[in-house]
Amino acid sequence: MSGNDKHQHHSGYGTYIIVWLALLAFTSITVTIAGVNLGRYTLFIALLIAAVKSGLVINIFMHIKFEEKIFKAFIALSGFTLIIIFLLTFFDYIYR
Amino acid sequence: MSDHQEAAVHHVHRDDLGAKMGMWLFLFTEVLLFGGMFLVYAVYRYQYPDQFHFAAMELNTTVGTLNTIILLTSSLTVALSIDALQKGNKFLSMMMLVITILFAVMFMVNKYFEWSTKFSHGIYPGSPELLNKPNGQILFFGLYYIMTGLHGLHVLIGMAVLFFMLVFIAKDKVTPDNYVKLENSGLYWHLVDLIWIFLFPLFYLIQ
Amino acid sequence: MPDAVAGNNFYHQSTNKHTGILSWLLTTDHKRIGLMYLVSILTFFLVGVIIGVLLRLELLAPGRTIMSAQTYNSFFTLHGVIMIFLFIIPGLPAIFGNFFLPIQIGARDVAFPRLNLLSYYIYVIGAILALVSLFLPGGPVDTGWTFYIPYSIRSTTNVSLTIFAAFVLGFSSILTGINFVTTTHRLRAPGMTFFKMPLFVWATYATAWIQIIATPVVAITILLVMMERAFGVGIFDPALGGDPILFQHMFWIYSHPAVYIMILPAMGVVSEIIPTFSRRTIFGYRAIAMSSLAIAFVGYLVWAHHMFTSGMSDTARWIFSLLTFIVALPSGVKIFNWVATMYKGSIDPQAPFLWVMNFIFLFSIGGLTGLVLGSLATDIHVHDTYFVVAHFHYTMFGGTGTIFFAALHYWFPKMFGKMYNKKFANIAVAIYFIGFNMLYFPKFIMGYMGMPRRYYDFLPQFTPYQKISTIGSWILAGTIFFIVGYLIHALIKGKKATSNPWGGVTLEWHIPSPPPMENFHTIPTITHEPYDFSQLKEMKNE
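Chains as they are written, first to last, in the working numbering: chain S, 957 to 1052; chain R, 680 to 886; chain C, 4 to 545.
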C-alpha cells in the first residue's frame, strides 16, 4: 500500500476565504454577546460559538469533510472520550 | 506484481494517507493534553465563578480579540499555502507561508506585551501581590499563565515547523507531487488555532 | 514461502548501511528495536525485583531490619516507578508488539520505522533521568509512585526530576501507540481484513489507542506538578485554593487506563497461546476481538474507584462503583472463551501453555479481589491496606508479569532460533506459582486484618504472615533469575529451533527462526482464518 493517494477535492482559494470571513463573523458575535448579560447561558453560548468555529476549521481548513470516513470516526471517538471524562469528573464536583 | 521489488530490503515505502493518519493521532494527544488543562479550568471556574469573573477584568479583551483574528487569518494563509502548492504555484505557496509565520510572530509579540504588563502590575505566579488575592483569583491567573504559556510554546514550535517547510519547498523537497509534510504542518497549525478558539472566550470574555 | 537459504539474511546478522554495534543502535528494523527494548526492559525489571526483595527483607521483622524509614519510603516509590513506568507499561507492546505486530499482519515493518527507533531512545532517556534522580541532592523520591498532592509539592526529594522522567517515558508510549494504530490500519497484507487479524494484533491495537488518548492526561498532570513546585502557581496546592482531589482525578484518568495498557496485550498473548497448544481454533474470535475494544473504552470510565475514600461526592462514588463492575464483564467474556477453546482440544502442556495456566489462576484471583475493592462498603475497610497491594500484584504481576514470561517462552525460538531446556522451563513454571502465592496471598490476609500499605513498621500480630511473604519473595526472585539464566544459556548453547516448534499457524510460524530482515520473501496473500489449523499440513511443505 504505497503511493500518493491523490485527493480529488481541492477546496479552492474562494472557499477558504469565505470560511475565514465566517470565522471572523462568529468572532465578532461572540465578543459582542459577551457584553450582554445572558445569565446562566453565557458560558454555554460562548462554547457553542467556539464549537461552530472549530467545526469550520476542522472540516474545511483541516479538510476532514473530504477525508476518508476513518478520520471522522477517529475524531468522534477521541472527542467523545474527552467529553465523558469531563462528565464523570463533574459528577464529583456538582454533588459535593 | 512487484513482489520481488518489495523483497528488496531498501524499498522506500511511501504512504501519504498513513502519514496523515499518524499526524492526526498525534493531534489527538495534543487535544487530550490541553483537554486536561481545560478540565482543571472547568472545575475551578465551577468552584470560584465570581473570583474568575473578577480576575478576568485584568485581561485586555481587545488584545485577545486581535490575537484571535491574527490566528484565524494565519490558518487561512497556511491553507492557501497548501492549495497554492497543490496547484503548482511554488512562489505563492512560499509567500503564504511567510505571511503565516509573520502572523505567528505578531501573536507572540502581543502575548509578550500582555504578559509584561501583568508582570509590571505585580501579577505573576508566586508574586506577593497575587498571593494576597483570594484563592479563586490565584487559581485564575495560574491557569491563565500555564494555558496561554503552553499554547504560546506550541505557537513557537509551529513557527519552527512552518519555517522548515518553507526551506523544504525552496529546496524542492516538498513539491506539488509530494506535499504531505506541508499538509501535516498545516494540520498542526490549525490545531494551535483551535486551542486558542477555546482559550479566548474562557479567559477574555468572562463578563 | 520462507526460504531456507536465507543464509546471512537473519535479522540479527545482516547488516545494511552500518556495521557492528551501530547497526543495532541506528537500526530501524522493528525486530532489532524489539530486542533492544527486551534487554533494557528486562534489566529494569530485574532491578525492580531486587528492590522488592530488599523491601521484603526490611519487613521480615518489626522495627528496623536493614534500612531506615526514609530509605524504605524511597525504595517503595522506586519499586513502583520502575515496575510501572519502565517495565509493565512499555513491556509487552514495546517488545512483542514491536517484534510481532508487523509479522502477524504480513508487513515488512511498522508504519514509521524511524519514529520507532526514536521511541526507544526516548525510553532510554526517561530511564536515565529516573536513575539520575536517585543520586542528585535531595535524594530519591519518597512520595510513592502516585505522587499525591500535597506531599509531592512539599517533599524536598527530587520529585520534579522523577516525574519528568515519567513524562518522557510517556512520550515513548505515545509514539509507539501512534505507530501501531497506523501500522494496523495501513500495512495489513492483501486478504487480511480486520477480522482475519490474530487476536494479539487486536489486543495491541486496542492498547495503542489507550496509549494515545490516556497518556497526555498524565503528561499535563506531571507538568502542572512541576510548575507548582517551581513557581508556586497554585493549581493543586490546597493552601492556594487548589483541590488535591483534582490531582487524583487527573492522575487516575491516565493511570487506570494504564492498567489496561498493561493487561490487554497480555490477554492478546493468551489468545495466541491457547489455540496453538489446544490445536484448535479459538472459540468466539469476534467476541474476544470486540471485548478488547470494549475493555479499552470502558476502562476510561472507572478511574475514580481508586478514590473512594478521598472525599469525592457520594454520587460520584456509586457511579464509579457501578462502572467498575461493568468493566469486569468483557474480561469475563475472554476467560470464558479461552476455557471453551481448550474444551475438547488436543492439549499440548508445554511451557508456554503452563505459563498461561498460571496466568488464568493468578489473574482470576486478582480480578475477583478487584470486586471487593470496587464495592464501596468493603473498599472502606481495605483501601490503602495490603489487600490492595495483593490485588494489584496478582493482576499486574500475576497477570501481565506472568504473560511476559509466557510470551518469552512462546516466542523465544522464533526470535532467537534456539530452544531452551524444556525441563527447566517446566520446573520454573511450577516453582514460580508456589513462590508467587507464598509472597502475595498472605498480603490479602494481612490487609483484611488491617495492615496499612507503605508502612515501614508493623504490629507483632502480622509477623508470621510477613515472614511467609518474605520467604516467598526469595523463592519467586530465585525462580526469575533461574529463568533468565537458562534463557541466556539457551541463547548461547541452545539447540537450533525449527521455524514452527509449537505447531502454531499465525504468520510468524510460516517464516524461518529467526526471521530474515525483511520478514517475508514475498508478502503473503491471506486466505485462511487466523487460527485455522488445517494449515499445518500445508506448512510442513513450506
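Please note: incorrect hints may appear among the correct ones.
Computed list of lysine-lysine pairs in DSS-like fashion (alpha-carbon distance at most 25 Å, straight line) [claimed, not checked]:
{"hint": "1", "chain 1": "C", "residue 1": "LYS543", "chain 2": "C", "residue 2": "LYS421"}
{"hint": "2", "chain 1": "R", "residue 1": "LYS769", "chain 2": "R", "residue 2": "LYS790"}
{"hint": "3", "chain 1": "C", "residue 1": "LYS470", "chain 2": "C", "residue 2": "LYS426"}
{"hint": "4", "chain 1": "R", "residue 1": "LYS790", "chain 2": "S", "residue 2": "LYS1021"}
{"hint": "5", "chain 1": "R", "residue 1": "LYS860", "chain 2": "R", "residue 2": "LYS790"}
{"hint": "6", "chain 1": "R", "residue 1": "LYS766", "chain 2": "R", "residue 2": "LYS699"}
{"hint": "7", "chain 1": "C", "residue 1": "LYS543", "chain 2": "C", "residue 2": "LYS470"}
{"hint": "8", "chain 1": "C", "residue 1": "LYS496", "chain 2": "C", "residue 2": "LYS426"}
{"hint": "9", "chain 1": "C", "residue 1": "LYS540", "chain 2": "C", "residue 2": "LYS347"}
{"hint": "10", "chain 1": "C", "residue 1": "LYS543", "chain 2": "C", "residue 2": "LYS498"}
{"hint": "11", "chain 1": "C", "residue 1": "LYS426", "chain 2": "C", "residue 2": "LYS199"}
{"hint": "12", "chain 1": "R", "residue 1": "LYS850", "chain 2": "R", "residue 2": "LYS699"}
{"hint": "13", "chain 1": "C", "residue 1": "LYS421", "chain 2": "C", "residue 2": "LYS540"}
{"hint": "14", "chain 1": "R", "residue 1": "LYS850", "chain 2": "S", "residue 2": "LYS1021"}
{"hint": "15", "chain 1": "C", "residue 1": "LYS199", "chain 2": "C", "residue 2": "LYS347"}
{"hint": "16", "chain 1": "R", "residue 1": "LYS860", "chain 2": "R", "residue 2": "LYS850"}
{"hint": "17", "chain 1": "S", "residue 1": "LYS1021", "chain 2": "R", "residue 2": "LYS766"}
{"hint": "18", "chain 1": "R", "residue 1": "LYS699", "chain 2": "R", "residue 2": "LYS852"}
{"hint": "19", "chain 1": "R", "residue 1": "LYS699", "chain 2": "S", "residue 2": "LYS1025"}
{"hint": "20", "chain 1": "C", "residue 1": "LYS498", "chain 2": "C", "residue 2": "LYS421"}
{"hint": "21", "chain 1": "S", "residue 1": "LYS1025", "chain 2": "C", "residue 2": "LYS199"}
{"hint": "22", "chain 1": "R", "residue 1": "LYS790", "chain 2": "R", "residue 2": "LYS766"}
{"hint": "23", "chain 1": "S", "residue 1": "LYS1025", "chain 2": "R", "residue 2": "LYS860"}
{"hint": "24", "chain 1": "R", "residue 1": "LYS860", "chain 2": "S", "residue 2": "LYS1028"}
{"hint": "25", "chain 1": "R", "residue 1": "LYS699", "chain 2": "S", "residue 2": "LYS1028"}
{"hint": "26", "chain 1": "C", "residue 1": "LYS425", "chain 2": "C", "residue 2": "LYS470"}
{"hint": "27", "chain 1": "S", "residue 1": "LYS1028", "chain 2": "C", "residue 2": "LYS496"}
No lab work stands behind these hints, which were simulated from the structure alone. All figures in this text were calculated on a predicted structure; none of them were measured in a lab.
Taking the hints in turn, this is what the structure says about them:
1. Of the supplied pair hints, the one linking LYS543 (chain C) and LYS421 (chain C) holds, its CA atoms being roughly 19 Å apart against a limit of 25 Å.
2. With a C-alpha separation of about 32 Å, the suggested pairing of LYS769 (chain R) with LYS790 (chain R) is violated against the 25 Å cut-off.
3. Among the hinted pairs, LYS470 (chain C) with LYS426 (chain C) is inconsistent with the structure: their alpha-carbon atoms are about 30 Å apart, more than 25 Å.
4. A distance of roughly 33 Å separates the Cα atoms of LYS790 (chain R) and LYS1021 (chain S); the hinted pair therefore is violated under the 25 Å criterion.
5. Between LYS860 (chain R) and LYS790 (chain R), the direct Cα distance comes to roughly 28 Å. Violation of the 25 Å bound is thereby established for this hinted pair.
6. The suggested pairing of LYS766 (chain R) with LYS699 (chain R) holds, with an alpha-carbon distance near 20 Å, which does not exceed 25 Å.
7. Only pairs whose Cα atoms come within 25 Å are accepted, and LYS543 (chain C) paired with LYS470 (chain C) is rejected, the gap being roughly 53 Å.
8. In summary, the hint linking LYS496 (chain C) to LYS426 (chain C) is supported, as the alpha carbons are separated by about 16 Å, within the 25 Å threshold.
9. At most 25 Å may separate the alpha-carbon atoms for a hinted pair to count; LYS540 (chain C) and LYS347 (chain C) meet this at roughly 21 Å.
10. Proximity of LYS543 (chain C) to LYS498 (chain C) is assessed by CA-CA distance (about 20 Å); at most 25 Å being required, the pair is judged to hold.
11. Proximity of LYS426 (chain C) to LYS199 (chain C) is assessed by CA-CA distance (about 35 Å); at most 25 Å being required, the pair is judged violated.
12. Annotation: proposed proximity of LYS850 (chain R) to LYS699 (chain R) holds, straight-line Cα distance about 22 Å (limit 25 Å).
13. A C-alpha spacing of about 23 Å is found between LYS421 (chain C) and LYS540 (chain C), which places the hinted pair at or below 25 Å, so the restraint holds.
14. Note on LYS850 (chain R) and LYS1021 (chain S): the hinted pairing is violated, with a Cα-Cα distance of about 31 Å set against a maximum of 25 Å.
15. The hinted pair formed by LYS199 (chain C) and LYS347 (chain C) meets the criterion: a straight-line CA distance of about 24 Å does not exceed 25 Å.
16. The hinted pair formed by LYS860 (chain R) and LYS850 (chain R) meets the criterion: a straight-line CA distance of about 14 Å does not exceed 25 Å.
17. For the hint pairing LYS1021 (chain S) with LYS766 (chain R), the CA-to-CA distance comes to about 20 Å; that is within 25 Å, so the pair holds.
18. Among the hinted pairs, LYS699 (chain R) with LYS852 (chain R) is consistent with the structure: their alpha-carbon atoms are about 18 Å apart, no more than 25 Å.
19. Of the pairs offered as hints, the one joining LYS699 (chain R) and LYS1025 (chain S) holds, with about 13 Å between alpha carbons and a cut-off of 25 Å not exceeded.
20. For a cut-off of 25 Å, the pair hint linking LYS498 (chain C) to LYS421 (chain C) stands: about 5 Å separates their Cα positions.
21. Under the criterion of a C-alpha separation no larger than 25 Å, the hint pairing LYS1025 (chain S) with LYS199 (chain C) is consistent with the structure, at around 21 Å.
22. Simply put, LYS790 (chain R) and LYS766 (chain R) have alpha-carbon atoms about 35 Å apart, too far for the 25 Å limit, and the pair is violated.
23. A distance of roughly 21 Å separates the Cα atoms of LYS1025 (chain S) and LYS860 (chain R); the hinted pair therefore holds under the 25 Å criterion.
24. Distance hint between LYS860 (chain R) and LYS1028 (chain S) is fulfilled; the C-alpha atoms sit about 21 Å from each other, no more than 25 Å.
25. Restraint check for LYS699 (chain R) and LYS1028 (chain S): the C-alpha separation of about 13 Å stays at or below 25 Å, so the hint holds.
26. At roughly 32 Å between alpha-carbon atoms, LYS425 (chain C) and LYS470 (chain C) are farther apart than 25 Å, so this suggested pair is violated.
27. Between LYS1028 (chain S) and LYS496 (chain C), the direct Cα distance comes to roughly 53 Å. Violation of the 25 Å bound is thereby established for this hinted pair.
Violated hints, in rising order: 2, 3, 4, 5, 7, 11, 14, 22, 26 and 27; the structure is consistent with all others.
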